[in-house]
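Count along the sequence shown from 1, add 10, and you get the number used in my numbering.
Just so you know, these hints were derived from the structure itself, not from any lab.
This structure is a prediction, so every number in the text was calculated from the model and none was measured.
Positions of the beta carbon are idealized from the N, C-alpha and C atoms, including for glycine.
Treat the hints with care, since some could be wrong.
[What the hints assert, rightly or not] Computed spacing ranges between beta-carbons, pair by pair: (1) Ser248 / Thr269: 52 to 58 Å; (2) Phe474 / Ser516: 43 to 49 Å; (3) Trp27 / Asn114: 38 to 44 Å.
[Unchecked claim] EDC-like, lysine to aspartate or glutamate: derived pairs with alpha carbons at most 16 Å apart: (4) Lys21 / Asp314; (5) Lys542 / Glu579; (6) Lys582 / Asp522.
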Amino acid sequence: MTIALWNPLKKLPALVWLKTYNKSALQADAMAAIIVTIMLIPQSLAYAMLAGLPPATGLYASILPLLAYALFGSSRTLAVGPVAIISLLSANAVGLAHINSGLNVLTLSMTLALLSGMLMLIMGLFKLGFIANLLGRPVVTGFITAAGILIALGQLKHILGIPLGGHNLPELAQGLLQYGRHTHLLTVGVGVISILFLWWARAPLTHVLCRFMSKNLASALSKLAPVSAVIISILLVSNLDLNQHGLKVVGDIPSGLPTLAWPELSGLLVSTLMPSAIMISLIGYVESISVAQTLANKRRQQIDPNHELLGLGAANVASAASGGFAVTGGFSRSVVNYDAGARTPMAGVFTAVGIALASLYLTPYLSLLPKAVLGATIVVAVLTLIEPNEIKFTWKYSKHDFVAMMITIGMVLFVGVEAGVMAGVVTTISLMLWRTSRPHTAVVGPVAGGQHFRNIDRHKVEQFEQVIALRIDESLFFGNVRYLDNQLNELLARNPCIEHLILMASGINHIDSSAVESLLEFNQRLHDQGIKMHLSEVKGPVLDRLQRINFAGQLTGTIYLSQHQAWQELTKPC
Numbered sequence: 011m012t013i014a015l016w017n018p019l020k021k022l023p024a025l026v027w028l029k030t031y032n033k034s035a036l037q038a039d040a041m042a043a044i045i046v047t048i049m050l051i052p053q054s055l056a057y058a059m060l061a062g063l064p065p066a067t068g069l070y071a072s073i074l075p076l077l078a079y080a081l082f083g084s085s086r087t088l089a090v091g092p093v094a095i096i097s098l099l100s101a102n103a104v105g106l107a108h109i110n111s112g113l114n115v116l117t118l119s120m121t122l123a124l125l126s127g128m129l130m131l132i133m134g135l136f137k138l139g140f141i142a143n144l145l146g147r148p149v150v151t152g153f154i155t156a157a158g159i160l161i162a163l164g165q166l167k168h169i170l171g172i173p174l175g176g177h178n179l180p181e182l183a184q185g186l187l188q189y190g191r192h193t194h195l196l197t198v199g200v201g202v203i204s205i206l207f208l209w210w211a212r213a214p215l216t217h218v219l220c221r222f223m224s225k226n227l228a229s230a231l232s233k234l235a236p237v238s239a240v241i242i243s244i245l246l247v248s249n250l251d252l253n254q255h256g257l258k259v260v261g262d263i264p265s266g267l268p269t270l271a272w273p274e275l276s277g278l279l280v281s282t283l284m285p286s287a288i289m290i291s292l293i294g295y296v297e298s299i300s301v302a303q304t305l306a307n308k309r310r311q312q313i314d315p316n317h318e319l320l321g322l323g324a325a326n327v328a329s330a331a332s333g334g335f336a337v338t339g340g341f342s343r344s345v346v347n348y349d350a351g352a353r354t355p356m357a358g359v360f361t362a363v364g365i366a367l368a369s370l371y372l373t374p375y376l377s378l379l380p381k382a383v384l385g386a387t388i389v390v391a392v393l394t395l396i397e398p399n400e401i402k403f404t405w406k407y408s409k410h411d412f413v414a415m416m417i418t419i420g421m422v423l424f425v426g427v428e429a430g431v432m433a434g435v436v437t438t439i440s441l442m443l444w445r446t447s448r449p450h451t452a453v454v455g456p457v458a459g460g461q462h463f464r465n466i467d468r469h470k471v472e473q474f475e476q477v478i479a480l481r482i483d484e485s486l487f488f489g490n491v492r493y494l495d496n497q498l499n500e501l502l503a504r505n506p507c508i509e510h511l512i513l514m515a516s517g518i519n520h521i522d523s524s525a526v527e528s529l530l531e532f533n534q535r536l537h538d539q540g541i542k543m544h545l546s547e548v549k550g551p552v553l554d555r556l557q558r559i560n561f562a563g564q565l566t567g568t569i570y571l572s573q574h575q576a577w578q579e580l581t582k583p584c
């Protein structure tokens, strides 16, 4: 594969949809933006808290990044901004770097967002989106499931009102044992009631509203429950002075727009944060592209993976320059954006304007917002990330994938998120290499009266002692030729009358040089035993490579176009 730099400005997505933008699209985007803005305000505050940052940074991370993505991103409905998983990764990375370097947490978060954005931009410019394929579905599902559990448990410090810390289950459990007796009952009451209300608003309330309106509108309205919880809790704190009775609130949030500042980079800081930046880039891209592709399929639209990298990269750079932290495409917000009728990324632009107005005029009213309500918002949001049906499906379909998923979950829960992802990737690659190192083969024969060849152990087929056909269902390379050689030797030992061996190559997509040499060596051993080796159904690209070394000239037998032709030729009476 040739890695080539390309010019993204030639096919800028924004120039495509702006050409056909009209009043109808503007009205639809504006309405969707209002709903998403109302939903994003409490989420941005909560995810900033999750990232270990002042609440205002959540608002800052929801302004310029949306504008940047609208310019470069290819999805019409993806809603970019702070999300739970990336906020957790940022908090873990920044917390460790803060201990080692002593630098300000906000500075470290901005630097991490900048590095992540630059990595995505580089990947997009060089068309390296395929790298994210290393994160297979089992690893991603396992990571999100375990991270969702950790995030939910981590919010117990706000729900219980105790100084709970830790990045894995053992640390959280130790904190609960140490501080559990200091639980604040008023905080618990506010937190539990908020969780129950937000949970009720997700499904039961939607079901009730569907009796009076369309399903999409009912779903959109139910998504506004976090805002309702915010407003009600602020009113209660204000009127009952609950903050004077030990209920912790957000406190003063500075009004105004973010100031532009470029985080300073040093060699030590870059080397410290780069592993986490790589992790955030890959996971953020995989999460975002999955959501974008799902929504695009519903409208038969196309997603450009490289422009998605550029859009997300630009969004993270913009977040870093405006005092924010790492961002990506959010699932729940994107679904709401889609259901609310958004047609173009202009909805994101309008949302950015809405958040900017909130930063200017609404922040004074948010100072009495209980942290327990924000914690409840996070808990309810992340619990939807846990997918037991996906785990059950993986167990039924592939035990190997299930092992990779369980290792990822276990490592994330008991060691840490970065260790969990790395362990999952290593396990997946190791299992893949193990499978490919043991290629599946089957002795085949023709089904009576037809030209189809099937496994003799599964179907009733014709067989001849003198002619054996072996189908190879895997590409051949240095890692599996020895295993294949052993299988061939066992096959010869079981069939002493064999005169012709046909290797049916319909499942072979590639043969490397080590495998070719092994085939030629085996061909010679067969020749010494008076047995001819033939090939059938060799794919064009494989045959082209074999012709470069005159493989057919060295073969004791023939390369046949089809298995049927080879069988008829070699089994016909002399």
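Status of each hint after checking the structure:
1. Ser248 / Thr269: 52 to 58 Å: violated, 30 Å
2. Phe474 / Ser516: 43 to 49 Å: Distance hint for Phe474, Ser516 is violated at roughly 20 Å.
3. Trp27 / Asn114: 38 to 44 Å: Since Trp27 and Asn114 have Cβ atoms about 39 Å apart, the given range 38 to 44 Å holds.
4. Lys21 / Asp314: Cα-Cα ~11 Å, so holds.
5. Lys542 / Glu579: Holds, at roughly 13 Å.
6. Lys582 / Asp522: violated, 34 Å
In this structure, the earlier hints numbered 1, 2 and 6 are contradicted, and the remaining ones agree with it.
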